[in-house]
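There are 2 protein chains.
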Amino acid sequence: MSENTATRTRQSTRGRILDACRGLFNERGPADVTTAQIATTVGINEGNLYYHFKRKEQILEALFGEFEQELRKVAAGGSDPERYGDYLSGWFRLMWEWRFFYRDGGLIYRLAPSLRSRLQILSDYGQDQVRRVLEGQSRAGFIQATPEEIEQLIVNAWIVATYWIDYLRSRHGVAQITREHVNWGALQVMSLFRPYLTPAGMAMLGIKPERSAPLL
Amino acid sequence: MSENTATRTRQSTRGRILDACRGLFNERGPADVTTAQIATTVGINEGNLYYHFKRKEQILEALFGEFEQELRKVAAGGSDPERYGDYLSGWFRLMWEWRFFYRDGGLIYRLAPSLRSRLQILSDYGQDQVRRVLEGQSRAGFIQATPEEIEQLIVNAWIVATYWIDYLRSRHGVAQITREHVNWGALQVMSLFRPYLTPAGMAMLGIKPERSAPLL
Numbered sequence: 001m002s003e004n005t006a007t008r009t010r011q012s013t014r015g016r017i018l019d020a021c022r023g024l025f026n027e028r029g030p031a032d033v034t035t036a037q038i039a040t041t042v043g044i045n046e047g048n049l050y051y052h053f054k055r056k057e058q059i060l061e062a063l064f065g066e067f068e069q070e071l072r073k074v075a076a077g078g079s080d081p082e083r084y085g086d087y088l089s090g091w092f093r094l095m096w097e098w099r100f101f102y103r104d105g106g107l108i109y110r111l112a113p114s115l116r117s118r119l120q121i122l123s124d125y126g127q128d129q130v131r132r133v134l135e136g137q138s139r140a141g142f143i144q145a146t147p148e149e150i151e152q153l154i155v156n157a158w159i160v161a162t163y164w165i166d167y168l169r170s171r172h173g174v175a176q177i178t179r180e181h182v183n184w185g186a187l188q189v190m191s192l193f194r195p196y197l198t199p200a201g202m203a204m205l206g207i208k209p210e211r212s213a214p215l216l
Numbered sequence: 001m002s003e004n005t006a007t008r009t010r011q012s013t014r015g016r017i018l019d020a021c022r023g024l025f026n027e028r029g030p031a032d033v034t035t036a037q038i039a040t041t042v043g044i045n046e047g048n049l050y051y052h053f054k055r056k057e058q059i060l061e062a063l064f065g066e067f068e069q070e071l072r073k074v075a076a077g078g079s080d081p082e083r084y085g086d087y088l089s090g091w092f093r094l095m096w097e098w099r100f101f102y103r104d105g106g107l108i109y110r111l112a113p114s115l116r117s118r119l120q121i122l123s124d125y126g127q128d129q130v131r132r133v134l135e136g137q138s139r140a141g142f143i144q145a146t147p148e149e150i151e152q153l154i155v156n157a158w159i160v161a162t163y164w165i166d167y168l169r170s171r172h173g174v175a176q177i178t179r180e181h182v183n184w185g186a187l188q189v190m191s192l193f194r195p196y197l198t199p200a201g202m203a204m205l206g207i208k209p210e211r212s213a214p215l216l
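If you read the sequences in order, they're chains A and B.
Mind the numbering: the first sequence is residues 1 to 216 in this note's numbering, read in order.
Mind the numbering: the second sequence is residues 1 to 216 in this note's numbering, read in order.
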């Protein structure tokens with residue numbers, strides 16, 4: 001698999017089907033995409049599509065495999081505290097490029113039940129990596145948080161990062177997620193970490209300390 | 001309507017149906033409760049149930065009306081900064097006593113579509129009230145946060161308070177929410193506010209300042 005699954009153009013029919021499906025699923029949601037639409041987008045006939053994937057479930061499983069690889073790559077990349085900005089934008093690029101997995105979770109795991117346990121394993125891995133990154137940042141003096149605060153932070157960040165799309169939909173009727181929405185989601189998640197940044201951590205991220213000294 | 005909808009025992013058949021449904025829905029979810037089970041729990045026959053409510057949708061709408069009243073009562077109660085502990089526990093009592101609304105959101109709004117816009121209005125009201133409380137706490141010197149931080153805090157708290165149940169289910173396979181889970185959810189939400197508390201705010205809430213002085 002090449003360096004960047006999400007943006008490369010692939011030559012194999014199977015690869016082109018998966019690229020097309022990721023695009024269509026992001027745009028319309030997996031439930032509203034027909035095999036005819038997939039075949040048309042790829043420029044093949046439905047028989048050929050059927051040769052590669054018998055059911056939508058199999059497409060979702062194959063796409064999840066790619067998402068999994070991308071997430072593992074991003075999650076493992078936070079070991080250098082100096083490159084935390086890149087690390088964060090990696091998470092949000094992931095969220096944008098695979099937004100149907102974040103947005104349509106409930107539905108997807110009904111269509112492809114085998115993904116439930118894979119999501120579990122992937123989430124364990126992701127949270128472990130975030131914990132390692134935060135512990136590293138704490139050792140490096142970039143954040144100051146107790147182990148308990150780090151655990152609460154990991155869970156809250158996970159919840160906000162997972163559900164902000166559903167929040168925008170149910171609270172504000174946002175049907176189509178744009179890049180601006182993703183930036184908004186990123187800021188919401190980052191705001192969780194901000195109170196724990198030390199002056200050195202702020203300097204490292206290029207944030208000016210706006211907050212005045214404590215009142216009391 | 002009496003002072004405490006959630007715990008009173010009501011005399012009218014209609015009231016007893018609603019109490020029974022709230023209990024059954026909390027326990028099993030609205031989709032998995034049959035009219036026969038409702039009738040048995042109330043001790044009436046199904047014809048009598050049908051006389052009061054023709055469809056499950058109507059039961060959900062009536063229960064939402066009670067939830068609405070309770071939420072408005074809790075949300076309006078945070079004007080006294082000294083009683084913030086009571087205010088918080090009010091929100092979490094609400095969450096426990098009406099947990100099916102938090103847990104089964106997607107399903108409920110499919111069963112009773114009219115509740116979508118009512119939820120919108122109720123959420124607007126709730127968030128406005130939380131904003132007023134935080135602004136009051138800020139003026140009183142109990143928290144220190146910029147207006148932008150307050151907005152981000154309100155949204156993050158709303159997301160965590162809405163989705164922590166789904167998080168426990170999808171991440172940890174928790175099918176049945178207990179009081180311990182609600183306490184855990186409450187701590188997750190409270191941890192969002194904690195970094196913004198001033199020493200006076202901590203003293204007011206009876207929290208010992210555990211965090212040592214900034215490293216740098």
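Keep in mind the hints are simulated off the structure, nothing from the lab.
Do not rely on the hints blindly, as some may be mistaken.
Residues from chain B shown here face chain A by an in silico Cβ test under 8 Å; the list is partial [unchecked claim]: (1) E57; (2) S123; (3) V155; (4) Y163; (5) R171; (6) V182; (7) Q188.
Here are some of the chain B residues that sit facing chain A, going by a computed Cβ distance under 7 Å [as the list claims (entries may be wrong)]: (8) Q58; (9) S114; (10) Q152; (11) I159; (12) V160; (13) Y167.
All residues carry an ideal CB built from backbone N, CA and C; glycine is no exception.
Going through the hints against the structure:
1. E57: Since chain A brings no Cβ nearer than about 19 Å to B/E57, farther than 8 Å, the hint is violated.
2. S123: 6 Å, holds
3. V155: Holds. Min distance 6 Å.
4. Y163: 4 Å, holds
5. R171: Constraint on B/R171 satisfied, holds at 6 Å.
6. V182: 15 Å, violated
7. Q188: Constraint on B/Q188 satisfied, holds at 6 Å.
8. Q58: With a minimum Cβ separation of about 22 Å from chain A (threshold 7 Å), the hint on B/Q58 is violated.
9. S114: 15 Å, violated
10. Q152: Given a least distance of 4 Å, the restraint on B/Q152 holds.
11. I159: It holds, given that the least Cβ distance between B/I159 and chain A is near 5 Å, below 7 Å.
12. V160: Status holds, d = 5 Å.
13. Y167: 5 Å, holds
Going through the hint list in order, the structure does not satisfy hints 1, 6, 8 and 9.
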